[in-house]
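The numbering used here puts the sequence shown at residues -15 to 386.
These aren't lab readings, by the way, just hints derived from the structure by calculation.
Careful, some of the hints might be misleading.
Only pairs whose alpha carbons sit at most 25 Å apart, straight line, appear in this in silico DSS-like list of lysine-lysine [said to hold, decoys possible]: (1) LYS60 with LYS290; (2) LYS93 with LYS216; (3) LYS60 with LYS175; (4) LYS175 with LYS113.
Ranges between beta-carbon positions, derived for each pair [said to hold, decoys possible]: (5) ASN38 with VAL266: 44 to 52 Å; (6) TYR294 with SER116: 19 to 27 Å; (7) MET339 with ARG243: 23 to 31 Å; (8) ALA74 with VAL166: 42 to 50 Å; (9) SER253 with SER351: 23 to 31 Å; (10) ILE337 with TYR294: 47 to 55 Å; (11) GLN305 with ASP205: 23 to 31 Å; (12) GLY302 with ASN256: 20 to 28 Å; (13) LYS240 with GLN366: 33 to 41 Å; (14) ARG335 with GLY302: 50 to 58 Å; (15) ARG275 with GLY89: 37 to 45 Å; (16) ALA63 with ASN256: 56 to 64 Å.
For glycine and all other residues, C-beta sits at the position ideal for the given N, C-alpha and C.
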Amino acid sequence: MRKCVLVIFLCAAFTACESEAEREREARRQVQAKTAVAPDGSIHLTAGQIRTNNIETVMAAEEDVAPSIPAVGRVKPRAGGESQVFAPFAGRIVAESASIPRLGGSVQKNDLLAEVEQLFPASERLQVKTTSLQFETDISQARQELDLHQKELDRAHLLYEGGAIPQKQLQTAEFNLKQAQVKLDGAERAKAEYDATISQQSQQRRTEIRAPISGTVVAIDLVNGQQVDPSKSLMTIVDVRTVWVELAVHERDLLKARRATGADVVAPSNPNRIYRAQLVNVGAVVDPQNRTVPVTFSVSNDGGLKLETYVEGRIPMGAPQKAILILASAVLSEEGVSSVFVETEPGVFRRRIVMLGQRRGEKMVISGGLQAGEKVVSVGAQALNSETLKGLIPVLEEGEQR
């Protein structure tokens, strides 16, 4: 009897242990299903999950890429592409017949910017002022006399109509009024003639200020009526349609750079835009601090390259070689390690560590870890890399296709 009880107890204990183990295995399966992460680290998603998380893939393809020398530099005005505007002599700015350009505005070569009027010497200015005041005094006195004679004539008319004075006295009053009018007209005419003479002399002292080059106004200190002298810049004009890019090339690459004919230039503000540059000059002096030589290139600018901004450049060297390129947005970087997600089969994604080469606009050269023809996640790589996403992927329904 005791043996039977012992056997039954052992069977029950074994069954309980087996049930507990089964529950643990089921729990692990549930966790794996919820995270969609297989034991080998691959991520399994359904077609619906791929659409929900906006995951897109592209084929890694081989392209012709020329080996190149990397360098950084800055944008500068080309030789003759920057000009400052000065007054030819000390004087006063006159903008009656010209429109002073605004900061950031465009001008064409030989556009009339303003005129500068040479000032009279102090003694001449005093004489002109004194003479003008005398003319104004004469006019004022003549006008007062005219008003007085007008009142006398009005009074004479009243007296004559009343028979108090003879006609001759009335005629005398009329004559005096006419004489006063002649005097006023003469004073005003004399002042007008004097003003015209001074104005003509001023015009003869004026010199036009014209734009020396076509370009954009990047600095201006010029207003109508301003007193100027020839030592102070009034305006700076820069032609930004063609600019120079000065790349700092290490001295070890100098011999290669001398054989170059051009370069590819990228501004950090728009890394997807590549500017083709033509070689202008290779410097002859090595910077003693960083052991680089300035190599200058000419670039046709569409406005994306701003003066004095830093740029990245690559000077192509040798014949193009085949290389694998993918979108730079597909690359994940964590703690100095670069990786991508590859779709190894429909709905199955694996993280792959890759070696990066040079950047080519919006694409990145992959020098190791990826083969041509493999499908790389171009949109949604961050989502796949997110632990949050892995924890929120729902349990796959029975019969749902991966």
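Cross-check of the supplied hints:
1. For the hint linking LYS60 to LYS290, the alpha-carbon distance of about 9 Å falls within 25 Å, and the restraint holds.
2. Between LYS93 and LYS216 the alpha-carbon distance is near 21 Å, which keeps this suggested pair within the 25 Å criterion.
3. Under the criterion of a C-alpha separation no larger than 25 Å, the hint pairing LYS60 with LYS175 is inconsistent with the structure, at around 56 Å.
4. A hinted pair counts as satisfied when its Cα atoms are at most 25 Å apart, and LYS175 with LYS113 qualifies at roughly 12 Å.
5. A hinted range of 44 to 52 Å holds for the C-beta pair ASN38 and VAL266, which are about 48 Å apart.
6. The hinted range of 19 to 27 Å is not satisfied by TYR294 and SER116, whose Cβ atoms lie roughly 60 Å apart.
7. For MET339 and ARG243, the hinted distance range of 23 to 31 Å is satisfied, since their beta carbons lie about 28 Å from each other.
8. Between ALA74 and VAL166 the beta carbon distance is about 44 Å. The supplied range of 42 to 50 Å therefore holds.
9. Distance hint check for SER253 and SER351: the Cβ-Cβ separation is about 27 Å, which falls inside the suggested range of 23 to 31 Å.
10. Checked against the hint of 47 to 55 Å, the C-beta distance between ILE337 and TYR294 comes to roughly 31 Å, which is inconsistent with it.
11. Separated by about 54 Å at the C-beta atoms, GLN305 and ASP205 break the suggested range of 23 to 31 Å.
12. A hinted range of 20 to 28 Å for the beta carbons of GLY302 and ASN256 is consistent with their spacing of about 25 Å.
13. Distance hint for LYS240 and GLN366: a CB-CB separation of about 38 Å, consistent with the stated range 33 to 41 Å.
14. Taking 50 to 58 Å as the suggested C-beta distance range, the pair ARG335 and GLY302 does not conform, at roughly 34 Å.
15. For ARG275 and GLY89, the hinted distance range of 37 to 45 Å is satisfied, since their beta carbons lie about 42 Å from each other.
16. The hint said 56 to 64 Å for the Cβ distance between ALA63 and ASN256, and at roughly 30 Å that hint is violated.
In the structure shown, a violation is registered for the earlier hints numbered 3, 6, 10, 11, 14, 16, in ascending order.
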